[in-house]
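Here the protein sequences line up with chains A, P and Z, keeping their order. Count the first sequence with my numbering and you get residues 1 to 642, in order. Count the second sequence with my numbering and you get residues 1 to 370, in order. Count the third sequence with my numbering and you get residues 1 to 174, in order.
Please note: incorrect hints may appear among the correct ones.
Stated by the list, open to error - Example chain Z residues on the side facing chain A (calculated, C-beta under 10 Å, incomplete): (1) Arg38; (2) Gly105; (3) Arg117; (4) Thr126; (5) Ser133.
Stated by the list, open to error - Below, a sample of chain P positions facing chain A; criterion: calculated Cβ distance under 10 Å: (6) Ser43; (7) Glu185; (8) Tyr188; (9) Glu227; (10) Gln236; (11) Leu239; (12) Tyr242; (13) Tyr243; (14) Val315; (15) Cys316.
Claimed, not checked - 30 Å max Cα-Cα, derived BS3-like pairs, lysine-lysine: (16) A/Lys4 to A/Lys311; (17) A/Lys251 to Z/Lys170; (18) Z/Lys170 to A/Lys518.
Rather than coming from a laboratory, the hints here were simulated on the basis of the structure. C-beta atoms are modelled at their ideal positions from N, C-alpha and C, and glycine is treated no differently.
The lines below spell out each chain.
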Amino acid sequence: MYEKFPEGAAQRTDPAVAADDLYDAVIVGGGISGALIAARLSQAGRRVLILEAGPAEDLTLRGYEDYLNRFYEAISKDNQAPYPALPNAPMPRGTDVRPIVPGAPDASAYLVQNGPFATDTTYTRVLGGTTMHWEGKTLRMLPEDFRMRSLYGEGADWPLSYDDLAPYYSEAEREIGVSADVEDQAYLGITFDDDYVFPMKGLPLSYLDRTVAKDIDGMEVELDGVQRRLRVRPFPQGRNGIANPDYDGGKGYVPQGAVSAYQVEVGERCQGNNNCVPICPVQAKYNAGKTLAVALRTGRVDLVGQAVAHKVHIDERTRRVTEIEYRRYDRPDSPGFTTMRARGRLFVLAANAVENPRLMLASGLRGSSGLMGRNFMDHAYLLAWGLLPEPAGTFRGTVCTGGIADLRGGRFRSRQAAFTIDIHNDGWGWARGAPMTDLISLVDSGSRYGASLRQGLVDRVSRQLQLAFMVEVPADPSNRITVSPDFIDALGNMRPVLTYDIPEYTMRGVAYARQLSKRIFARLGAEDHTAYNPNFWGYAVHDGEGYEIRGGNHLAGTHVMGRDRTTSVVDADQRCWDYGNLYMVGGGSMPTVGTSNVTLTIAALCLRSARAMLARLDSETAPVNVTSNRRDAAPTSGKAAW
Amino acid sequence: MTVSTIENRDDLIRYLEAALALEHATLPPYLTAYYSIRSTTNSDAAHIIRVAAVEEMLHLTLVANVLNAVGGRPDLTRPGFVPSYPAYLPDGEDDFTVDLRPFSPEAVETFCKIERPGKAPSADERLLSAPADRAPLLVSSPTAEGMRFYSIGEFYEEITEGLEKVAADDPALFRGDPARQVGPEYFYSGGGTMIVVTDLDSARRALQFIAAQGEGLDSGIYDAEGELAHYYRFRQLQLGRYYQEGDEPGTPTGPPLSISWDDVHNVKVSAKLADYPPGSELARVAREFNADYGALLALLTQAFDGRPALLQDAVCDMFRLRDGFNRLICNPLPGHDGLHAAPTFEIEPAAGSDQPAARDAGEPTRAVTP
Amino acid sequence: MTAPSLEDFLLLSVDLTAFEETDLLGTGMAEGYLEKVRAACGDGIVAALLDAHRAARADAAAENGNQTRTPLEGEAFDRALRHRVFSDDRLGPVARNIIKLWYAGMWYALPPEWIDRYGAHAAVGTSTVTAASYQEGLLWRAIGANPPGAKAPGYGSWARPPRIADRYLKGARR
Chain A
1 MYEKFPEGAA QRTDPAVAAD DLYDAVIVGG GISGALIAAR LSQAGRRVLI
51 LEAGPAEDLT LRGYEDYLNR FYEAISKDNQ APYPALPNAP MPRGTDVRPI
101 VPGAPDASAY LVQNGPFATD TTYTRVLGGT TMHWEGKTLR MLPEDFRMRS
151 LYGEGADWPL SYDDLAPYYS EAEREIGVSA DVEDQAYLGI TFDDDYVFPM
201 KGLPLSYLDR TVAKDIDGME VELDGVQRRL RVRPFPQGRN GIANPDYDGG
251 KGYVPQGAVS AYQVEVGERC QGNNNCVPIC PVQAKYNAGK TLAVALRTGR
301 VDLVGQAVAH KVHIDERTRR VTEIEYRRYD RPDSPGFTTM RARGRLFVLA
351 ANAVENPRLM LASGLRGSSG LMGRNFMDHA YLLAWGLLPE PAGTFRGTVC
401 TGGIADLRGG RFRSRQAAFT IDIHNDGWGW ARGAPMTDLI SLVDSGSRYG
451 ASLRQGLVDR VSRQLQLAFM VEVPADPSNR ITVSPDFIDA LGNMRPVLTY
501 DIPEYTMRGV AYARQLSKRI FARLGAEDHT AYNPNFWGYA VHDGEGYEIR
551 GGNHLAGTHV MGRDRTTSVV DADQRCWDYG NLYMVGGGSM PTVGTSNVTL
601 TIAALCLRSA RAMLARLDSE TAPVNVTSNR RDAAPTSGKA AW
Chain P
1 MTVSTIENRD DLIRYLEAAL ALEHATLPPY LTAYYSIRST TNSDAAHIIR
51 VAAVEEMLHL TLVANVLNAV GGRPDLTRPG FVPSYPAYLP DGEDDFTVDL
101 RPFSPEAVET FCKIERPGKA PSADERLLSA PADRAPLLVS SPTAEGMRFY
151 SIGEFYEEIT EGLEKVAADD PALFRGDPAR QVGPEYFYSG GGTMIVVTDL
201 DSARRALQFI AAQGEGLDSG IYDAEGELAH YYRFRQLQLG RYYQEGDEPG
251 TPTGPPLSIS WDDVHNVKVS AKLADYPPGS ELARVAREFN ADYGALLALL
301 TQAFDGRPAL LQDAVCDMFR LRDGFNRLIC NPLPGHDGLH AAPTFEIEPA
351 AGSDQPAARD AGEPTRAVTP
Chain Z
1 MTAPSLEDFL LLSVDLTAFE ETDLLGTGMA EGYLEKVRAA CGDGIVAALL
51 DAHRAARADA AAENGNQTRT PLEGEAFDRA LRHRVFSDDR LGPVARNIIK
101 LWYAGMWYAL PPEWIDRYGA HAAVGTSTVT AASYQEGLLW RAIGANPPGA
151 KAPGYGSWAR PPRIADRYLK GARR
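When you get a sec, could you build the whole thing from the sequences and use the hints?
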């Protein structure tokens with residue numbers, strides 16, 4: 001089935017008319033969090049307004065193919081390559097990152113980096129958000145990830161347990177359309193209901209995975225006195241595979257393909273384009289546009305694009321949010337904008353773990369706990385790369401089909417960070433720009449042409465193995481997002497300023513990962529080509545050894561949830577302790593990131609919060625006082641600074 | 001009511017074999033037009049043709065399921081299974097040629113004719129005598145010599161009625177091994193689900209689905225699932241606009257399609273190997289394509305003959321044939337005034353090969369041995 | 001000076017890439033690539049490159065007896081190409097760029113010292129030729145893979161061994 005996006009839905013809402021409306025909920029951000037909440041609230045009969053910073057364009061196949069063509073034409077094929085760079089709603093780009101000189105913040109790109117550690121982490125500001133470029137790995141968190149403080153004295157405990165979240169994980173797996181087999185995913189305490197099957201069967205491991213598995217399955221690793229046997233395990237994937245007829249008690253599952261208004265059936269099953277990041281050409285990979293289409297079809301969701309939230313207004317007396325003031329730029333390619341407002345019973349900030357706290361801090365709302373913007377987390381990626389003895393067909397499949405998950409949990413976490421290991425089907429692409437860099441060096445300095453070039457490419461590219469260690473980063477209040485009037489974007493919004501360092505705990509995990517990679521390569525008979533460049537922007541030294549650390553785009557922690565208003569920003573429902581009708585949702589609520597890519601957990605949290613929001617809306621039958629503290633709520637015009 | 005040309009299970013099987021060949025016969029014309037479109041252009045048209053081609057594959061598989069259900073054995077490798085182009089299809093009293101053409105108004109006209117609803121004005125006119133000079137004529141009766149059907153729709157009507165009749169006479173008609181059925185796990189397509197055929201009801205549904213998806217139901221241009229029939233999909237290319245719900249057949253009111261007839265490789269219409277320079281590299285590549293296509297048909301035969309899981313491999317082979325198709329179409333055909341080459345679909349009888357021929361630039365490729 | 005012919009450009013390209021002429025024409029990019037090279041380097045240099053290539057073939061033919069096969073292989077031809085083309089200050093970088101153009105679908109900027117000596121034309125910077133050219137890179141075929149984001153190989157194909165031409169697979173053994 002294809003997802004029908006209602007034609008004209010991105011333009012049909014007049015912001016001026018919407019300004020006089022009182023919605024049940026105003027949602028900032030049209031990514032997966034906002035889309036899921038909009039879908040659930042509207043399906044329950046509630047009226048929702050979504051404010052989206054990206055261009056106000058319908059999700060059409062033609063628009064999607066414009067992304068695709070922009071990608072094909074791009075010289076740099078980084079994870080933002082398909083998406084338009086917008087001065088009015090800028091976004092970080094991996095290619096922006098520079099080494100940081102101590103004491104001098106790098107303000108050369110939208111995300112101001114205060115250091116000391118520089119990161120290439122990104123998020124995408126278009127309709128559908130970062131799920132447009134996400135890889136689509138959908139690991140559940142381990143039960144122990146929710147109790148890190150109690151169990152290991154590191155990081156924080158959640159106000160929720162795995163069991164609390166488990167039903168929402170299942171719901172998120174339906175919504176995203178996850179392909180996996182339960183027998184591969186029940187490990188280290190992850191449990192499923194007895195009759196549970198994933199919506200679709202697991203994607204097959206790649207030939208490269210199988211080549212690695214031949215030597216690695218059964219490899220013994222001792223850590224903290226505990227013996228483990230490693231195995232190459234398929235990852236659950238947020239992309240369409242073979243629908244499992246046993247799903248939902250035998251009702252089966254219908255995979256959702258491309259978003260389109262017209263008759264285009266494509267994307268019902270992954271075709272192995274090996275391009276999940278930055279864009280799946282057929283939309284076999286989930287993107288939040290699929291959920292937005294569902295939400296918009298209810299007829300109860302209004303969408304205003306080109307709407308960049310500027311300020312959250314509150315009523316100090318009632319401790320409620322009264323309106324969100326936003327700047328609606330007239331056109332993506334010009335600086336004119338109109339100041340507008342949006343009002344609702346509930347307000348939901350669903351931007352992301354950088355933009356959510358940025359907006360609050362820019363509104364002067366630091367939070368009574370003082371934790372707004374603090375505890376920034378991401379995953380720290382360590383790459384190790386080698387050449388296998390034989391061609392293993394690298395560069396085929398989805399970006400990553402399998403890896404090693406046996407070191408995600410255990411007692412060792414009281415001392416060092418855990419990690420998941422990805423086997424990258426795209427070879428040394430991430431580490432060294434393969435295969436183009438191989439081509440260039442073979443031709444320009446290897447005197448290769450003709451048959452010897454073809455031979456060289458097979459020798460050098462088809463044998464590539466890159467392991468990506470996704471190492472957990474614990475919450476640290478000094479890692480934080482702040483704002484400053486010194487750094488303003490074109491629309492006059494304060495830009496996010498990131499202060500970030502990799503904690504020692506993580507670096508101990510990194511150092512261990514590097515040692516383990518050497519053992520793995522030795523067991524495979526692989527040539528280890530890993531070499532970390534001291535001039536690399538993410539170079540970090542630990543115990544005298546240097547490592548290249550990369551960002552994971554797994555943003556979290558900046559409005560952390562907790563049981564207590566003094567030690568957290570939101571409660572377990574992601575409701576702000578300080579303002580009764582404000583929800584801050586997404587990765588920012590997560591107290592730990594564990595060793596899972598964050599999107600599935602974000603989706604589960606949002607589905608859970610949507611229930612809480614509906615309950616709150618149901619309980620608030622009395623009219624809400626929405627008197628604005630701004631006398632004149634009429635639109636005003638402005639001009640952006642570019 | 002005229003006498004049925006399907007008297008027994010053997011007749012039915014012959015009809016279903018003819019239906020299998022008919023469903024396949026539309027693929028080369030669709031694929032030729034589809035792949036003649038230059039890369040990254042004509043998105044609207046490309047999607048419309050691609051979806052139709054994928055759904056012809058679905059129809060092919062559904063016919064195979066019906067054939068398997070009644071104990072037949074689908075064979076896509078028998079001589080004559082792939083017609084020589086141009087082939088002929090009926091259009092009521094008249095007929096029309098089905099060529100392998102580049103994407104063009106003529107090609108779209110042909111596609112509309114292929115998919116156009118064609119109900120015979122009376123039962124007597126369902127079967128007409130077939131003129132001898134129209135060979136191959138794709139909806140000839142396999143049992144009534146020299147007769148052909150008024151339309152594809154009438155052909156399927158005949159099969160459905162014959163099926164009902166034979167099923168009534170023969171309680172053991174659906175004797176096929178259910179394990180031979182291709183289920184939805186092996187075939188995926190947005191425009192309709194795979195129907196596993198085990199009895200009269202499911203067989204009827206499969207056949208009706210095929211007829212309805214092509215021509216549309218009597219009730220309107222959209223079916224119950226909100227899907228537009230193929231005929232109307234192609235009409236959009238003629239009328240320049242998309243249909244949307246509630247539209248009348250003659251006047252789609254959706255957004256305009258953008259069509260660029262020039263962004264097309266102008267391939268020679270229904271090219272033959274004889275058009276290729278003898279002994280040339282290009283001729284060799286064209287022959288190799290045909291051999292690969294023959295191997296695909298052999299693999300599909302295996303999939304339909306008891307090993308449905310092979311369909312997944314067959315789909316991968318189709319993806320690879322796409323690349324070979326594109327390569328040929330980008331090559332000028334020497335001596336043809338700038339016209340380009342295209343696959344000829346002249347399939348040699350399978351030379352006992354089970355596996356698709358594996359080639360890369362004329363060199364053998366093979367798997368890495370572990 | 002007559003404009004460099006597509007035919008000669010293809011003959012050169014077959015020898016540089018070890019892909020057949022039908023493969024090169026089969027990308028649909030041959031004419032666009034020749035135009036790109038001419039725009040970046042000028043017809044004089046392209047003609048000189050084609051002449052040098054022809055001369056290298058003649059050298060090899062003289063040494064080996066009459067050879068007409070393409071791609072031309074063998075020690076004598078390899079030596080002639082190295083001497084006449086790859087080691088030439090002016091022609092070597094252009095020949096290498098043509099290889100990369102076919103393999104990556106991308107025109108890479110010529111080295112700055114080359115531009116200083118032999119002149120800067122309009123199209124010298126690194127650029128893709130068209131959206132399609134990236135998809136037509138021969139690199140991907142050489143390694144039995146698809147260009148990421150295009151020419152999908154189909155569900156589950158990745159579980160199978162790569163389809164790499166036999167001679168290159170054998171050579172890859174350690």
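Against the structure, the hints come out as follows:
1. Arg38: violated, 20 Å
2. Gly105: holds, 9 Å
3. Arg117: With a minimum Cβ separation of about 17 Å from chain A (threshold 10 Å), the hint on Z/Arg117 is violated.
4. Thr126: holds, 6 Å
5. Ser133: holds, 8 Å
6. Ser43: holds, 6 Å
7. Glu185: holds, 5 Å
8. Tyr188: This interface hint holds because 5 Å falls under the 10 Å limit.
9. Glu227: Given a least distance of 8 Å, the restraint on P/Glu227 holds.
10. Gln236: Cβ of P/Gln236 sits 9 Å from chain A, so the hint holds.
11. Leu239: With a closest approach of 14 Å, the P/Leu239 hint is violated.
12. Tyr242: This hint holds: P/Tyr242 lies near chain A, its Cβ roughly 5 Å from the closest one there, short of 10 Å.
13. Tyr243: holds, 8 Å
14. Val315: Since the shortest Cβ distance to chain A is 9 Å, the answer is holds.
15. Cys316: holds, 9 Å
16. A/Lys4 to A/Lys311: violated, 33 Å
17. A/Lys251 to Z/Lys170: violated, 49 Å
18. Z/Lys170 to A/Lys518: holds, 27 Å
Consistency with the previously given hints fails for numbers 1, 3, 11, 16, 17, ordered from lowest to highest.
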